[in-house]
Amino acid sequence: MTFTIPIDNGDAVKNAEADSQRTLYPYVTGTSIVAIKYKDGVLMASDMGGSYGSTLRYKNIERMKAIGKHSLLGASGEISDFQEILRYLDELVLNDNMWDDGNSLGPKEVHNYLTRVMYNRRNKFNPLWNTLVLGGVKNGETYLGMVSMIGVSFEDNHVATGFGNHLARPILRDEWHADLSFEDGVKLLEKCMRVLLYRDRSAINKLQIAKITEEGVTVSQPYSLKTFWEFKAFHNPTAGAEGSW
Amino acid sequence: MDLNLDAPHSMGTTIIGVTYNGGVVLGADSRTSTGMYVANRASDKITQLTDNAADSQVVSDYVRYFLHQHTIQLGQPATVKVSANLIRMLAYNNKNMLQTGLIVGGWDKYEGGKIYGIPLGGTVVEQPFAIGGSGSSYLYGFFDQAWKENMTKEEAEQLVVKAVSLAIARDGASGGVVRTVIINSEGVTRNFYPGDKLQLWHEELEPQNSLLDILNAAGPEPMAI
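Protein chains in written order, with this note's numbering: chain A, 964 to 1208; chain B, 1303 to 1527.
By construction, these hints were calculated from the structure, which means they are not laboratory data.
Treat the hints with caution; some may be incorrect.
To be verified - Within a straight-line C-alpha distance of at most 27 angstroms, the following computed DSSO-like cross-link-like pairs (lysine-lysine) qualify: (1) A:LYS1022 <-> B:LYS1455; (2) A:LYS1002 <-> A:LYS1150; (3) A:LYS1002 <-> A:LYS1101; (4) A:LYS1022 <-> B:LYS1383; (5) B:LYS1455 <-> B:LYS1499; (6) B:LYS1383 <-> A:LYS1028; (7) A:LYS1022 <-> A:LYS1169; (8) A:LYS1101 <-> A:LYS1150; (9) A:LYS1028 <-> A:LYS1071; (10) A:LYS1022 <-> B:LYS1450; (11) A:LYS1150 <-> A:LYS1169; (12) A:LYS1154 <-> A:LYS1002; (13) A:LYS1022 <-> A:LYS1189; (14) A:LYS1169 <-> A:LYS1002; (15) B:LYS1450 <-> A:LYS1189; (16) A:LYS1087 <-> A:LYS1071; (17) B:LYS1450 <-> A:LYS1169; (18) A:LYS1002 <-> A:LYS1032; (19) A:LYS1022 <-> B:LYS1464; (20) A:LYS1195 <-> A:LYS1150; (21) A:LYS1101 <-> A:LYS1028.
To be verified - The following residues of chain A were derived to be distant from chain B, with all beta-carbon distances above 12 angstroms: (22) VAL1056; (23) ASP1064; (24) ASN1075; (25) LEU1160; (26) PHE1191; (27) TRP1192; (28) PHE1197.
Beta carbons are placed, not taken as given, at the ideal position from N, Cα and C, and that holds for glycine.
Working from the sequences, and respecting the hints, build out all of it.
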């Protein structure tokens, strides 16, 4: 349902305010999503933070949601746009169910739909300000891909958004391998999330890990990771320096 | 075009919504400023709710209109979630034009007392309590420490009044009186706490009628010989 407050700004060519139907910047944002393929499907991790500029304003936002029976969607970026995407997908899944033909949307189809949506919005200079991670399993085939706010779309064995690209992907390139067990997969994701917690200013220490397999989606309860501060060099870094105790 | 993406937009006000065991308490200051001038020192920012001037009023007016229609068609009072989603619809679809962050609070028979925060952009977040406006910057730490679940109605209202009062102490854009609205199964109660009924904070002094009163009071008694 849409309701745009009726405002007549006139000619969009000559009048600068007329094309105010474009998103210029995000307000409430989620940070990285990290996801990997493993033996039984896909594991995805995200924290539960919603930042408002530099303020860590919301600490209970679920940024990963099940889509239909076979897919899991994680989002970083503007939360209101993510909520809108979930509405679009609700309608997509509803219409898919109404066919009542025994078929159901798989992750490949959902990923393709999202790619079209994101790219078309980009073409209208009114992007949905998100980077989306789509993972799923259907008929034994595991799928993991992502779409950016400008419509760039691809699949891989491991993906990450935002800071995760810089901090988590290198770790995954080194340590990911095919057929990871659930335990190894979780430990690998937690290693990435811990680094993000240390180094990403907008990360909070409250995360969830979601798993999708042929059986379906489970999203873990929220939990916190222990952090390590006992390096000797951390205790008294300025000892011996000029002008310090 | 200012692109300081790290500076959140904030409206000159303090607004709070808190759930308690049985309902919700909404609170706000009463200052409306135009630049440095206080245009209205006793405005009412709680109207299903408002936080600052035009945008919130426009949104509230539309939502009130839609909610009224919805109530007629449904045959019973609308739920809080419906109100929140109607506001979201307007806030999200007009995100480029509106500069308004809102807190929606209410009571319905299905879910009891609920608070929904709707910041700039149109995200909807259900929360046990919500704070907003420029004054809210000074309250994040306070609520992190003072908030607890399952408060009584009196505890919840005290918390809200204390919080708005603390924000007024430090935020130039907030001031005036503290208004609260309590919503539960029994209905709606509006309360009003003028500045002189509030607790004094750091470096604030007891208000006097005049210096003369202080001088006269402090005069020493003549010694009785």
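How the hints compare with the structure:
| no. | hint | result |
| --- | --- | --- |
| 1 | A:LYS1022 <-> B:LYS1455 | 25 angstroms, holds |
| 2 | A:LYS1002 <-> A:LYS1150 | 14 angstroms, holds |
| 3 | A:LYS1002 <-> A:LYS1101 | 14 angstroms, holds |
| 4 | A:LYS1022 <-> B:LYS1383 | 20 angstroms, holds |
| 5 | B:LYS1455 <-> B:LYS1499 | 19 angstroms, holds |
| 6 | B:LYS1383 <-> A:LYS1028 | 20 angstroms, holds |
| 7 | A:LYS1022 <-> A:LYS1169 | 8 angstroms, holds |
| 8 | A:LYS1101 <-> A:LYS1150 | 25 angstroms, holds |
| 9 | A:LYS1028 <-> A:LYS1071 | 16 angstroms, holds |
| 10 | A:LYS1022 <-> B:LYS1450 | 16 angstroms, holds |
| 11 | A:LYS1150 <-> A:LYS1169 | 16 angstroms, holds |
| 12 | A:LYS1154 <-> A:LYS1002 | 19 angstroms, holds |
| 13 | A:LYS1022 <-> A:LYS1189 | 18 angstroms, holds |
| 14 | A:LYS1169 <-> A:LYS1002 | 26 angstroms, holds |
| 15 | B:LYS1450 <-> A:LYS1189 | 25 angstroms, holds |
| 16 | A:LYS1087 <-> A:LYS1071 | 25 angstroms, holds |
| 17 | B:LYS1450 <-> A:LYS1169 | 19 angstroms, holds |
| 18 | A:LYS1002 <-> A:LYS1032 | 19 angstroms, holds |
| 19 | A:LYS1022 <-> B:LYS1464 | 23 angstroms, holds |
| 20 | A:LYS1195 <-> A:LYS1150 | 26 angstroms, holds |
| 21 | A:LYS1101 <-> A:LYS1028 | 17 angstroms, holds |
| 22 | VAL1056 | 19 angstroms, holds |
| 23 | ASP1064 | 31 angstroms, holds |
| 24 | ASN1075 | 25 angstroms, holds |
| 25 | LEU1160 | 19 angstroms, holds |
| 26 | PHE1191 | 24 angstroms, holds |
| 27 | TRP1192 | 22 angstroms, holds |
| 28 | PHE1197 | 26 angstroms, holds |
Every hint, counting from the list given before, is met by this structure.
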